[in-house]
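K.L.:
Protein chains in written order, with the working numbering: chain W, 1 to 174; chain F, 1 to 377; chain R, 1 to 375.
Keep in mind that the hints were calculated from the coordinates and are not lab data. Careful: at least some of the hints might be erroneous.
[Said to hold, decoys possible] Below, a sample of chain F positions facing chain W; criterion: calculated Cβ distance under 8 Å:
| no. | residue |
| --- | --- |
| 1 | V256 |
| 2 | I257 |
| 3 | R298 |
| 4 | Y324 |
| 5 | S344 |
Note that beta-carbon positions come from the ideal geometry of N, C-alpha and C, so glycine has one too.
This is what each chain is made of:
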Amino acid sequence: MTSEGASTDLSSTIWPQVDKALSGISVEPEMGVLDLIVRIPRDEVIRGLRALKRDADLDFDYLRCLTAVDWEERGIDVVYHLYSTKKRHNLTVKTNLPNQDLTVDTATTVWRGANWLERETAEMFGVRFNGHPDPRTLLMPEDMDDTFPLRKDHPLQDIKILQGEGIAFPEEQD
Amino acid sequence: MTSVLLQPEHEFETQDIFVNMGPQHPSTHGVFRMVLAVDGEVVRDVLPYIGYLHRGAEKLCETMDYRQGIGFMDRTEYLAAFNAELSYVMAVEKLAGIEVPERAQWIRMILCELNRLSSHFMFLGAFGVDVGVLGTSFTYAFREREVIFDLFEEICGDRMMYSYFRVGGLAWEVTDNFVARVHQVLASARQGIEDLDGLLTANEIFQARTKGIGHISAADAIDWGMSGPSLRATGVSLDIRRDEPYLFYPEVKFDVITGTNGDVYDRYICRLQEMYQSIRIIEQCLQRLQPGPIVPERMSRLLRTPPGEVYLRTEAPRGEYGVYMVSNGGNRPWRCKVRSACLSNLQALRDMTVGHYVSDAVLVLGSIDIVLSEVDR
Amino acid sequence: MTAEFLGIEMPVLLEAFIKVNIVVLAMTVVVMALIYLERKIIGRFQMRLGPTRTGPFGLLQSIADALKLVGKEDLRPTGADPWVFELSIYFIFVPVFVGFVVVPFAIGWEIRALELGLLYLLATSSVSGLGFAMAGWASDNRYAMLGGLRAVAQGVAYEIPLVVTLLAVAMLSGSLNLREIMLDQGTVPNIVWQPLGFIMFYIAMLAELNRAPFDIAVGESETAGGPHIEFSGIRWSMFQLAEYAHLWIMSIVGSAIFLGGSAWPLGEDLGTPFQLLLMGIKSSALIFLAMWTRASLPRLRIDQLMGFAWKVLMPLAFIQVLVNGFVIVYDLPLLLLTVQGLIGIVVLNWAIQRAVARPAGRPGIAAWAASEATS
Numbered sequence: 001m002t003s004e005g006a007s008t009d010l011s012s013t014i015w016p017q018v019d020k021a022l023s024g025i026s027v028e029p030e031m032g033v034l035d036l037i038v039r040i041p042r043d044e045v046i047r048g049l050r051a052l053k054r055d056a057d058l059d060f061d062y063l064r065c066l067t068a069v070d071w072e073e074r075g076i077d078v079v080y081h082l083y084s085t086k087k088r089h090n091l092t093v094k095t096n097l098p099n100q101d102l103t104v105d106t107a108t109t110v111w112r113g114a115n116w117l118e119r120e121t122a123e124m125f126g127v128r129f130n131g132h133p134d135p136r137t138l139l140m141p142e143d144m145d146d147t148f149p150l151r152k153d154h155p156l157q158d159i160k161i162l163q164g165e166g167i168a169f170p171e172e173q174d
Numbered sequence: 001m002t003s004v005l006l007q008p009e010h011e012f013e014t015q016d017i018f019v020n021m022g023p024q025h026p027s028t029h030g031v032f033r034m035v036l037a038v039d040g041e042v043v044r045d046v047l048p049y050i051g052y053l054h055r056g057a058e059k060l061c062e063t064m065d066y067r068q069g070i071g072f073m074d075r076t077e078y079l080a081a082f083n084a085e086l087s088y089v090m091a092v093e094k095l096a097g098i099e100v101p102e103r104a105q106w107i108r109m110i111l112c113e114l115n116r117l118s119s120h121f122m123f124l125g126a127f128g129v130d131v132g133v134l135g136t137s138f139t140y141a142f143r144e145r146e147v148i149f150d151l152f153e154e155i156c157g158d159r160m161m162y163s164y165f166r167v168g169g170l171a172w173e174v175t176d177n178f179v180a181r182v183h184q185v186l187a188s189a190r191q192g193i194e195d196l197d198g199l200l201t202a203n204e205i206f207q208a209r210t211k212g213i214g215h216i217s218a219a220d221a222i223d224w225g226m227s228g229p230s231l232r233a234t235g236v237s238l239d240i241r242r243d244e245p246y247l248f249y250p251e252v253k254f255d256v257i258t259g260t261n262g263d264v265y266d267r268y269i270c271r272l273q274e275m276y277q278s279i280r281i282i283e284q285c286l287q288r289l290q291p292g293p294i295v296p297e298r299m300s301r302l303l304r305t306p307p308g309e310v311y312l313r314t315e316a317p318r319g320e321y322g323v324y325m326v327s328n329g330g331n332r333p334w335r336c337k338v339r340s341a342c343l344s345n346l347q348a349l350r351d352m353t354v355g356h357y358v359s360d361a362v363l364v365l366g367s368i369d370i371v372l373s374e375v376d377r
Numbered sequence: 001m002t003a004e005f006l007g008i009e010m011p012v013l014l015e016a017f018i019k020v021n022i023v024v025l026a027m028t029v030v031v032m033a034l035i036y037l038e039r040k041i042i043g044r045f046q047m048r049l050g051p052t053r054t055g056p057f058g059l060l061q062s063i064a065d066a067l068k069l070v071g072k073e074d075l076r077p078t079g080a081d082p083w084v085f086e087l088s089i090y091f092i093f094v095p096v097f098v099g100f101v102v103v104p105f106a107i108g109w110e111i112r113a114l115e116l117g118l119l120y121l122l123a124t125s126s127v128s129g130l131g132f133a134m135a136g137w138a139s140d141n142r143y144a145m146l147g148g149l150r151a152v153a154q155g156v157a158y159e160i161p162l163v164v165t166l167l168a169v170a171m172l173s174g175s176l177n178l179r180e181i182m183l184d185q186g187t188v189p190n191i192v193w194q195p196l197g198f199i200m201f202y203i204a205m206l207a208e209l210n211r212a213p214f215d216i217a218v219g220e221s222e223t224a225g226g227p228h229i230e231f232s233g234i235r236w237s238m239f240q241l242a243e244y245a246h247l248w249i250m251s252i253v254g255s256a257i258f259l260g261g262s263a264w265p266l267g268e269d270l271g272t273p274f275q276l277l278l279m280g281i282k283s284s285a286l287i288f289l290a291m292w293t294r295a296s297l298p299r300l301r302i303d304q305l306m307g308f309a310w311k312v313l314m315p316l317a318f319i320q321v322l323v324n325g326f327v328i329v330y331d332l333p334l335l336l337l338t339v340q341g342l343i344g345i346v347v348l349n350w351a352i353q354r355a356v357a358r359p360a361g362r363p364g365i366a367a368w369a370a371s372e373a374t375s
């Protein structure tokens, strides 16, 4: 999670190109197990993603995956896994959202494929994607927009919360 | 005074009708629902609904030991459970830095390719039914699928939910006659592919029904995040087995099959040809298979991983099956996200369907080869 | 008015009543047998056994099914139009049944050998399209409506090639009486002079019967049963009865008109049992062919189906009538018809191949663009 000494390790990766493409945006690089990871502040993340997609050397035209990770008091990370189908390299982009304000701009303006992935992330973590073209729930019931199952504070076993009142079996009701 | 017939509420007008296809419909391949706005016989708009099979596998994985999560992966992708297990165990191995013995890797490769065969057989059979063969293609395909499943059953005792891969290797050694049995299965599978090829591909009605239907361009397909045979049918040569090698795929020879038009027919042909390539891979694997250990010599009883994260992707029959695993240093994943190939492929459904006839909407859906348990997880 | 039946003089009405009852009983048995056979034959095509459990070789399966269907609850959707819904099956079943009046099971073995028998048969059987439309409309179900409309469009389209090919044969025989057409073929069956006509008749027959590859109305994988979708129990079994009875009629008529029926070969010399055997073999062959087609061919789409009828079958059928006319009027050798028929088959095949090779577009996009441009 730290980036000290990263500049020496990362010279063999695509970090120099990424750094060039993202000039003007504050970026923190880090080497993951397989791919390079960069952290971008959430106000600039869509601009950064668009720059990464448009850059001729990087050409990240393929959004592999979009999801979020709940770090409890450290907020929620939204994670984008990018891939270039022509240059065949990977990049992981992360942005941190503080717990008080879980909003980030939508990536559907960059890749249309982000649509359903964002809908899923939104309903599972309560992240709001500004400007999303279709902000309905995806996997969850339509009316279940106040429960976020993949958050760490969501109880796993207490399913009565999900079932609502009066839906339990008759013998359990009293 | 205006005529009562000209008042807005009495005026005759053509109207789209809404056809609700699914969740119970013979052709939605599981519990999938799509609402079609139909202008006569032509589809004007499609709205897919998913989530009927959502079981929260990701949340459950977070509460379980790394080894217990393998069972959930089987259930996310029940037609190609070995491929799903593979992504999961490889993600854990990458995080924990575990080296897998050579024999275990070869056996994993053989089983994954066999599972690809069985999954594609399922596709061919079901697709034939979508096109309107009364069920002959289905029984042809299931005959071969049964042969493959019999082999799986001999090895792991289960026909669909194997739980056979372990972090670090395999659960136990394969049966003694494994190589001979695989050869036997391959011979029957080859015959089965030829049978299905003969039944469907050259048929004039089949060609007339499938060619030029559900076209999507390469750029659109990439933009939607499609993968697997559905993407390769558009002409994009993208195969994780070749581009980002895992297991011993660099050491075997196989072709990446691509189409040209990106229509339903090409998706079908891509899958059909891919099956021959799978047979080719398995035959090479069998030659290279040597006796040896199937689990690392030193494995800790309690599996802990250092903090970190990995996005491990493999080429499953339907496309990129990815597992994004974040570890917080414990014995269970902090976050385990399953990237489903079908979810992304399904997003492009609207682009592929709108403007075609109702009958073709069924074909387009069938040609993506969706597995709803993988979409909903 | 008296008529002779089995050597007994009796009033016409009584005679007709007895004959009709015999045919109804025979039809029920034959339909059950056909359903059993179809399941067995398609089972073999699909490498499975078909019914085996009920009785020896599963022979009682159809009876068990019939009993089950009769015992089922008769459901009607709340939103359905009650009168139209309940009448629709009669509109499907009765026209088919009425067709039995002229069906020649052997020489002299029909209820009535009408002078305009062929016309009567075609006229009555085309009414069943109305029944499908009624069933589809009244069910209050979108799939049923799609299926019903498809059935009507298809029925209307294929009626014409069917009628015209049969008309061409009637020109050769100089009669519309099925018995006379059959007797006319004592030496050479009509298929020799009309090979193209036979193939077109067979295709149009499959379409008229809503059987694969033309089963788009009931298409299981698209409209999930089409007009049948909301029918259950005895009403649904009436659909089955009508479908298989129609198949039986059409195969007998087809073999009577094209294959020489019970007249060729030597039918008139060897007596009624041999005639029945001949008819049985020929019609069974046609039925088996239909089942074979059903087991192996995919389904056509609605536009392909209509295009095939209007653009391919219709012109060829009219050409057939024209050539027949020339041959009859100018007394040309009949062998010319054989040659023309074989050439026609080649043309038919070429047209099919050409249609397959043509790239398909998106019909909707072009149509909407045109309609938006005009409005």
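K.L.:
State for each hint whether it applies.
P.N.:
Hints, one by one, checked against the model:
1. V256: violated, 13 Å
2. I257: violated, 16 Å
3. R298: Result: violated, 21 Å to nearest chain W Cβ.
4. Y324: For Y324/F, the interface hint holds, since the closest Cβ of chain W sits about 6 Å away, which is under 8 Å.
5. S344: holds, 6 Å
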